[in-house]
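Asks: One letter stands for each residue in the lines below.
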Amino acid sequence: MAELGNFSPEERVAQEERLRRVWKTPGGWRYWTSVNNSEIGLWYGVTAFAFMLFAGLLGLLMRAQLAVPNNDLISADLFNQAFTLHGTVMMFLFAVPIFEAIAIFLLPSMLGARELPFPRLSAFGYWSFLLGGIFVCGSIFFNAAPNAGWFMYPPLATDKEYAGIGADIWLLGLSFIEVASIAAAVEIIVGIMKCRAPGMRINMMPMFAWYLLIVAGMILFAFPPLIAGDILFEMERMFDWPFFDVSRGGDPLLWQHLFWIFGHPEVYIIFLPAIALMAMIVPTFSQRPIVGYSWIVLAAVGTGFLSFGLWVHHMFTTGLPQISLAFFSAASEAVAIPTGVQIFVFIATMLAGRVIFSVPMLFGAGGLAIFTIGGLTGVMVALVPFDWQAHDTYFIVAHLHYVIIGGMFFPIVAGIYYYFPFVTGKKLSDAWGKVAFWLMFVGFNVGFFPMHFSGLRGMPRRVFTYPEEFGWDLFNMISTIGAFVFAAGVMTFVIDIFRPKPKPVERNLNPWNAGTLEWTNDPDESWGMRSVPIITSRYPLWEQPNLQADIEAGRYYLPDAKSGQRETLVTSVLDAEPIQCLRVGGVSLVPMVSALALGGVFIALTFHWWIPTLICAVITFISIMVWLWTGTAQIPEAEEVDVGLGQKLPVYVSGPASVGWWAMFITMVGDGTAFASLIFGYFFYWTVHDDFTSGAAGPGVIWPIAALVLFVVAWLLTIAARELNEKGPAGCRIALVAGMLVTIAACLAGLAGPFFHGMDPTSNVYPATVWIIAIWTVVHGAVGVIMQAYCLVGSLTGRVTVAYDQDIRNVTLYWHFVAFTAVITFAVLGLFPMVNV
Amino acid sequence: MKSVIPREVESLWTLFTAPTIWAVHFIGCYATVAIYCAKAASLDFGFDTVRLLLAGFTVFALAVIVLSAWLAWRQWGFGVHDPPHDEPTRKGRTLFQGYATLLLSGLSFVAVVYAAIPLILIAECQR
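Those protein sequences? They're chains A and B, same order as listed.
With the UniProt record's numbering, the residue at position 186 of the first sequence is 186, and numbering never jumps.
With the UniProt record's numbering, the residue at position 44 of the second sequence is 44, and numbering never jumps.
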């Protein structure tokens, strides 16, 4: 092991001064331009929590309405808006963002990094989320909230008479937030893979990081199908393209497929991070390492995969062949295995250690008990015949709340109690916490357990009232009382958070005596790690003596900030050997401006204001260009810098070694999933019709094949540009110009097929599908041209050179995906109609 | 001499081999059956052919999972070392990878078997 640094007290003070200056959070209004993970994480968390309270109030409003039969407290339409917004907000504006918030806040400290690799991307995600969230929530005050249920089934939600502007607000507002989620997934995956402290091999990673890695991967495959669905849906609402209109060959079931391919993994996307918090809390309060580390990895990975084989269990009553249903029933039972493993791991850890029953443990254990009940009813509804009875009744409402509140909300509250000292340096009150827990635990069960019975007695979900003689009134009254007790518990918790608390007399960074790295951080300093330590244990604070003192004395990596820039270490994926000193973006207005402008695009589109849409799109484009040009792939003042411990590391790396390459790769995997969903749609329509073209003209063979060939040539030219760049700029520039021209030709050829064959997208679903897939590919081609032009300008201005070729390498990677997309697109569009059975 | 069985691969991706095979098998079964049931009228073979085809596919998927499990078992040193594999060495990391991959292969094997059960019990599309 390298010899640790040794600095005199004066040197240390000077180092700290420089670090403090570099990582300083700006004051005044500029505070909001901060991109530091601790600010973004905090804003994200507080905002998501506020949305949760808002959605909770909507829940109480519904419970008040349902308390007695024939109630007229609120109108049917307001009730519809309330339950739609309640579900939507809880899922999209609380459950997913709160885990992004926690991840952004905690991960750098857990991994021993100063920052995640793309702090400005996190800031961009936050501002997108805030704007999109306010837009969606605010709609109810104008009586314009979505009202067709949180899964927006057509034909109800495509009916403009019934679902007015609310459906557009849902589609566009949430698409915008989905973009933010994918941004967070990129940040989290690259952060976990590449930014761990030296020595933190993959068998040393904190459990939280394992879970988050899997969850971020799931986001990449789960959110894009919904984005694809949103595109189809909005095209139908805005331009009358009949994707879900049966009279013109469409099929509402496609939406159900796309929604639930997202929707079921989503349940695990919110559940796994909460369990990840438990995997941090349980060892601390058992005062021993977790039992069965590898089994947790099995459970996380296994659940992540299996959760994609469950989506049709939301569609058991749609008339699909029963053999298909049986596959999904089987997978739904199988997912109980890894889920159960996690719970047994926690029990085993508690049994093997000495459990301290603190407030976080109380919430954790209570949550797991509730979750287990929800899991058991889950096994019940995974059985097709039982589901036919229980579908769309209050039994399902009970099941999903048991799963989500037990599996997600209680552990999150446990996590907030646990990590509150990490965030603020102060503990929440034990006494208040116990009161809050018992109110919430009892209130929850009183509120939701009777719903199993009202459901089995036939009460359908989403009814705004019911007659007296059905015998549902007692259960509903009990449920309402329970809901308000539960809300009192939540209120107690909120008051505990906000009531003034005295500063502790003694500085104690690790009040729970936890073993993981994040507890070395001082909440009063915004640099995260004072120096980036070498890790040799899963629980370094328990097993590496002197760690805290050595970190604070700056004896490890990056103890200084001489360059005046924010720096963190990049390490290798498997063994975490230091390979790069990464400079990350600092305070900037650009992420906020681009997010707000992009938000403007979505909002203006909702109201069909075309000119503002265009203006906002131009601002978005310019701000993203400014962001890229001034904030990425900067040529450093020196090849290598001293990172401490006698080691020098490069600052600029390109290709697969760079974080930017990984980010591109991950983004394009998500993008590819959305494309695959559109192709799935094409073949879906083929299966539901005897002749899926319904006699309409296709795009022909010539134009699609021409487009295919031209796209492949453009791809080869881009690769040639990358290769030629290694010899000098001239050849590279020629290849880029040629690539741009060929791409433009390819895009025109791609659109020429459907255009010259007079395919009218409003006439039938077949031309609409052909158009949407062709447009998707052409848009990717257009973005490809912009990227080629960016590299060309970079080459002309000396930004892209033989040695500094990050931009062109990342663009080539993008083009691999474009070529793949184009080949599939035009082969399917041009050739498949010929083999149509 | 070149080994028929691949040598140890230094990659994180090996961890995901078995679950990926489960996913391919699952989607393969679902897509085949969905297409068959939608297009049965214009096809000149029966559902039993589909079942046989998918049975073969299942055996193949299970065989690949067993192979992946064997490779993982080898990487784990054939079970000579006990978990938790938290040593700060390359060896410790490799053993952990082997063990976790072996566990995942087990889960994937069971999940593939689960997915195949309907093929035994259900003899037609049953719309």
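It cannot be assumed that every hint is accurate.
[Stated by the list, open to error] The following residues of chain A were derived to be distant from chain B, with all beta-carbon distances above 10 Å:
(1) Val297
(2) Ser324
(3) Phe327
(4) Asp392
(5) Ser537
[As the list claims (entries may be wrong)] Examples of chain B residues lying across from chain A (beta carbon under 10 Å, computed):
(6) Leu53
(7) Gly56
(8) Phe57
(9) Arg74
(10) Ala100
(11) Ser108
Simulated from the structure, these hints should not be mistaken for laboratory data.
All C-beta atoms in this analysis are idealised placements derived from N, C-alpha and C, irrespective of residue type, glycine included.
Asks: Against this structure, judge whether each hint is valid.
Replies: To see whether the hints hold, each was checked on the structure:
1. Under the 10 Å C-beta cut-off, the non-interface status given to Val297 of chain A relative to chain B is violated; the minimum distance is some 5 Å.
2. Residue placement check: Ser324 of chain A does not keep its beta carbon more than 10 Å from all beta carbons of chain B (closest about 6 Å).
3. Non-interface status of Phe327 of chain A relative to chain B is broken: a Cβ of that chain comes within 10 Å, the nearest being about 5 Å off.
4. With a closest Cβ-Cβ approach of about 21 Å to chain B, Asp392 of chain A is found to remain outside the 10 Å limit, as its non-interface label requires.
5. Its beta-carbon lying about 7 Å from the closest one in chain B, Ser537 of chain A breaks the requirement of being farther than 10 Å from that chain.
6. The criterion of a C-beta within 10 Å of any C-beta in chain A is not met by Leu53 of chain B, whose closest approach is roughly 14 Å, and the hint is violated.
7. At its closest, the beta carbon of Gly56 of chain B sits 17 Å from a beta carbon of chain A; the interface hint therefore is violated under the 10 Å criterion.
8. Evaluation of the Phe57 of chain B hint against chain A yields a violated restraint, the C-beta minimum of about 13 Å exceeding 10 Å.
9. Given the 10 Å rule on beta carbons, the hint for Arg74 of chain B is violated: about 16 Å separates it from the nearest Cβ of chain A.
10. With a cut of 10 Å, the hint placing Ala100 of chain B at the interface with chain A holds, because the nearest CB-to-CB distance is about 5 Å.
11. The closest approach between the C-beta of Ser108 of chain B and any C-beta of chain A is roughly 8 Å, which is under the 10 Å cut-off, so the hint is satisfied.
Checked against the numbered hints given earlier, this structure breaks hints 1, 2, 3, 5, 6, 7, 8, 9; the rest are met.
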